[in-house]
Amino acid sequence: MTNIDLKRTEKYAFLIYLAAVVLFTVGAWDRIFTGSVFGLRFLWIYPALVLLAALFLFLYIGRMKRCQKSGRKCAGLFFLQTMHKYRFLIEQLVERDFKIKYKRSVLGAFWSFLNPLLMMTVQYVVFSHLLNIRGNTEHYAIYLLCGIVMWNGFNDCSTQSMRSITSNAALITKVYVPKYIYPVTRVLSASINIVLSMIPLLLVTTVYGLFSTPHLYLSKAVCLIPFGLLMMLVFCVGMGFFLSSLMVFFHDIEFLWGFVSTLWMYATPIIYSLSMFEEKGIMWFVKLEQFNPLYHYIQFIRTIVLERQSPAFSEYGICLAFSLGLFLLGFFMFRKVQDRFILYL
Amino acid sequence: MSDEKKVMLRISDVSMRFRKEEDHAGSLKETVINMFAGRLKFTEFYALQHVSFDVYKGDVLGIIGRNGAGKSTILKIISGIMKPTAGSVERYGNIVPMLELGSGFDMDLSGRENVFLNGAILGYEKEFLHSKYDEILAFSELQDFINMPLRNYSSGMIMRLAFSIATVVEPEILIVDEILAVGDENFQRKSRARMMELMSGGTTVLFVSHDMNQIREMCNRVVWLDGGTVRLQGECREVCDQYKL
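Chains as they are written, first to last, in this note's numbering: chain A, 282 to 626; chain B, 37 to 281.
To be clear, the hints were calculated from the coordinates, so they are not data collected in a lab. Quantities reported herein were computed from a predicted structural model and do not represent experimental measurements. Any given hint could turn out to be false.
Computed list of lysine to aspartate or glutamate pairs in EDC-like fashion (alpha-carbon distance at most 16 angstroms, straight line) [unchecked claim]:
| id | chain 1 | residue 1 | chain 2 | residue 2 |
| --- | --- | --- | --- | --- |
| 1 | A | LYS384 | B | GLU206 |
| 2 | A | LYS501 | A | GLU588 |
| 3 | A | LYS366 | B | GLU171 |
| 4 | B | LYS162 | A | ASP620 |
| 5 | A | LYS384 | B | GLU208 |
| 6 | A | LYS501 | A | ASP311 |
| 7 | A | LYS568 | A | GLU596 |
| 8 | A | LYS366 | A | ASP311 |
| 9 | A | LYS384 | B | GLU177 |
| 10 | B | LYS162 | B | GLU149 |
| 11 | A | LYS380 | B | ASP247 |
| 12 | B | LYS93 | B | ASP49 |
| 13 | A | LYS350 | A | ASP286 |
| 14 | B | LYS226 | B | GLU163 |
| 15 | A | LYS346 | A | ASP286 |
| 16 | A | LYS346 | A | GLU291 |
| 17 | B | LYS42 | B | GLU163 |
| 18 | B | LYS280 | B | GLU233 |
| 19 | B | LYS41 | B | GLU171 |
| 20 | B | LYS168 | B | GLU206 |
| 21 | B | LYS119 | B | GLU208 |
| 22 | A | LYS366 | B | GLU161 |
| 23 | A | LYS380 | B | GLU161 |
| 24 | B | LYS41 | B | GLU80 |
| 25 | B | LYS119 | A | ASP620 |
| 26 | B | LYS93 | B | GLU163 |
| 27 | B | LYS168 | B | ASP142 |
| 28 | B | LYS42 | B | GLU208 |
| 29 | A | LYS382 | B | ASP144 |
| 30 | B | LYS226 | B | GLU161 |
| 31 | B | LYS93 | B | GLU208 |
| 32 | A | LYS382 | B | ASP142 |
| 33 | B | LYS168 | B | ASP144 |
| 34 | B | LYS42 | B | GLU80 |
| 35 | A | LYS380 | B | ASP142 |
| 36 | B | LYS162 | A | GLU560 |
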């Protein structure tokens, strides 16, 4: 394995960590300031937690440095070395997927902005004025747009990465490349779209907020959007591992997923809100939604945009648990079956 | 024989077993349940059985045999695409496979974009590709066409581009699966010269071909595979003479 420059890695790791801490502190200041854990004010624990995490980061990089010198094995180091070795390939594959998507269209990447807007307009008219599903949801247009943007992002990522192994069969059967790269690059290239579609979301919210009563304006809580997106992307990667490896053995998954994702979409409060169910007393459905990861990711963004505050800390925990849970599940499943892909492609 | 030479590849006791699923597939549910319970029924056959040979630095090793003898399978195992059922392959150098040229090409991208994509797939460094880009372009003779999408290329142009990318490196181990005849007569001569240049430049080459004249011309050692086992291996002339019989 090639040696990598861990000094530089260390520098970047701390810069990213610093940026994350700053974003989080600014975005979630109200919660940090007023929250309390076990009777202790969270404000006093928070700096200690930040320093503790920094210390952990520092110690782990130190361990990787020692491992690199002595040639011992270490999961983090192995991951970094693989990333280093294949970074050019990852870059090229992401670039390809993104370019191909809009290659023959006139408007190109502009569709990433336009699509959610058009979808929102249609659904807003249908559900708000024709079917009157909005109930008493405040700022229904924005409520809808948050849901659509997040759902489309998830759906795009999972559908793209589901096909990542089968559509790259020509490569997999000819050249050795760690197979994890294919689903991951698909999610990365699809994530460009999600990030781009955040722009119309924030733009529309700003414009809409000026003319609505009560006023809706963006608060500093928007700093927390990256965390929500990141957790959903990790979830998507896990989904990608899971679906793409299943797809190799059962091509039926492609058609089945079309159905399952539609079902999932209607089971998620995107066009309707849970308060409607609470009013009618259908509590089992409200409880069931607690087990729907997409509900939590969408609600995460809605809290930030519509309630202009950070989600509760427990929400972070739930989102993170879903992300890491599915990621690890998908990863181990993928690792177990990846050697057999070649026999079925 | 050549003990003082450095071993580049050591293939020891490699066996590859394939499973053919029995015909009655059943429902999806049944298959899934069976898969997780490990109860799927197979008929097995061995594509390779106890294959061992060493490849030394500077060797041009020919692999010959009839269709289905396991030539492609052993190349796939050597390049790491397949994991053998038993046995091991030790590699002492970077491998560049030239199995079916242009399999990493994307028809919607331009020639230039494909140079970088395909180069990345073959494991080249970014800086290396940038510095060699002009050389690749010159060798492929594509000039103005390089910025056009690949779907507008003729098949000969695609082959020329693929060959130019694949041979721009000087890999330590090169795996070649019948690709020498590429493009028109002029380019064929050029590509053959380039192959010769690569092979004489200290690169270790594994070479599969049915053309015995090419094997005789280029290889110094030959492994003859027959029905998944090594029938004979040794000096080129010896094995080739036997094979003709």
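Non-conforming hints, listed in increasing numerical order: Failing hints, ascending: 1, 3, 4, 5, 8, 9, 11, 12, 14, 17, 18, 19, 21, 23, 24, 26, 27, 30, 33, 34 and 36.
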